[in-house]
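S.K.: Sequence:
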Amino acid sequence: MFAISRNSGDANDPVRVLRTPLISGYYLLVGRDLNDERTLLNHNLKLVIIVITLILLLALVGSIILGRQTLRRIDAVNRTAQAIMAGDLSQRIASTRRNNEFDELGRTLNTMLERIEQLMTGMRQVTENIAHDLRSPLNRMRNRMEVTLLEPREPAEYQTVLEQNVADTDALIQTFNALLSIAQAEAGLQRDWAEQDLSALGEDLADLYSVLAEEQNKSFNSSVTTDCLIQGNRQLLAQALSNLLDNAVKYTPDGGRIELRVERIDGRATVTVADSGPGIPFDQRDKVTERFFRLDSARSSPGNGLGLSLVKAVAKQHGAQLILEDNQPGLRVTLRFRR
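The sequence shown lines up with residues 78 to 416 when you count with this note's numbering.
Read the hints as simulated data drawn from the structure, not as lab findings. Cβ coordinates follow ideal geometry from the N, Cα and C atoms, glycine included.
Restricting the straight-line Cα-Cα distance to at most 30 Å, the calculated cross-link-like pairs of lysine-lysine (DSSO-like) are:
id: 1; residue 1: LYS327; residue 2: LYS393
id: 2; residue 1: LYS327; residue 2: LYS389
id: 3; residue 1: LYS364; residue 2: LYS393
Computed Cβ-Cβ distance ranges for the label pairs, DEER-style:
id: 4; residue 1: ILE193; residue 2: VAL138; range: 38 to 46 Å
id: 5; residue 1: VAL92; residue 2: ILE142; range: 49 to 57 Å
id: 6; residue 1: LEU186; residue 2: LEU239; range: 53 to 61 Å
id: 7; residue 1: GLU228; residue 2: ILE193; range: 52 to 60 Å
id: 8; residue 1: LEU135; residue 2: ARG174; range: 22 to 30 Å
id: 9; residue 1: GLN361; residue 2: SER167; range: 25 to 33 Å
id: 10; residue 1: ALA158; residue 2: TYR235; range: 54 to 62 Å
id: 11; residue 1: ILE400; residue 2: MET222; range: 42 to 50 Å
id: 12; residue 1: PRO330; residue 2: GLN241; range: 23 to 31 Å
id: 13; residue 1: VAL154; residue 2: ILE132; range: 28 to 36 Å
id: 14; residue 1: TYR235; residue 2: GLU194; range: 47 to 55 Å
id: 15; residue 1: VAL107; residue 2: VAL138; range: 49 to 57 Å
id: 16; residue 1: VAL154; residue 2: LEU117; range: 49 to 57 Å
id: 17; residue 1: TRP270; residue 2: LEU196; range: 22 to 30 Å
Input sequences plus hints: build the corresponding full structure.
M.R.: Here is the structure:
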């Protein structure tokens, strides 16, 4: 038989009892009321429920705020896209100072939009320039034929008009061929891409243009080293170098000098065409590679303003640097191809 006395509390409250045997054969019983522990457990349980509820509420509020911010960014992108679709290519996606994923995406899209705007602007300019350059020769051809048909003429007069119209037609064909070559180069299509010997190409061009320069009382010097090999398209490379030499011959005065160098510098194949002509002002050197751009001093000479544009496109396709420098006097154009 055991007897346990309770100092306080309800008789039905649970207790924990520890029984310890004594030497005398008796047992010592010590009990503790568990009501305090149960109260503490209930308190902690309520506290956990409250904390979890607060966490869920905070998560819900945070999700709502984040969702609204995300929707605002998406709405801003959508508004920008709608404005661009309406024709305003100057629109850009606004960025914040947070430098998060949305800002990174916005910067990427803005870079893409800037490139698209540049291409569209260039396309509009080219379209306007083509329309202007086509209108003049077509009007000349029409006026000649109209005047010729007003009254009967001698066969020689008809022959002259036809020859003039053929010359204007050839100029138009040259313009379209140049535009086609530029488009092919800018598209980056690596057709007929193979190892090309710039040394052999330079020697062929030197033989051709040395005769042309001599006929016009201009000196032509060439220096071509061997083993200048690159990967590329021979036809486009020949067109680009021919354009440079054509310009050099065209703008070099009588008694002037023209120089062609093909060499390897720091392991890179390099082609240089230099002349003693009027040169190009420093502030105009970026513009002369634009399609149909012509210096005021060159407007009286034949040409369509596409020569250096083709050179730039071919250089870009072949991974080459196009450098325009002062030759004192004249212009020095250098193409440095990648290793």
